[in-house]
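K.L.:
All chains, full assembly: derive it from the sequences and hints.
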Amino acid sequence: MLEHLHKSINEVLYDGGRPQIKSLTREMDLRRDIGLDSLELAVLTVKLEAELSIDVFADGLVATVGEVEDRLLGQ
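In the numbering used here, the protein residues as written are 13 to 87.
Hints may be right or wrong, so weigh each one.
To be verified - With a straight-line cut-off of 25 Å between C-alpha atoms, the simulated SDA-like cross-links for lysine to any residue are:
1) K19 x G47
2) K19 x K59
3) K34 x D71
4) K59 x M13
5) K59 x D45
6) K59 x D49
Derived by calculation from the structure, the hints in this document are not laboratory data.
P.N.:
What follows is the structure, encoded as structure tokens:
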């Protein structure tokens, strides 16, 4: 799942004309470490929901890659 998330984040960054990230860890903060702004977070949410039928923000905010991954895995 981490690989899928890495690909999705890089697509959002690419679409925004920003450099892609080379590696992704569960500890990375979506805003601070990756630099996603609120619009990019919304785009990522819609993208993941369209691809996987899961709304990662349905149960509240997430801050890290690990929290997103846990929601995607139903944890």
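K.L.:
Checking each numbered hint in turn, tell me which of them this model violates, lowest number first.
P.N.:
3
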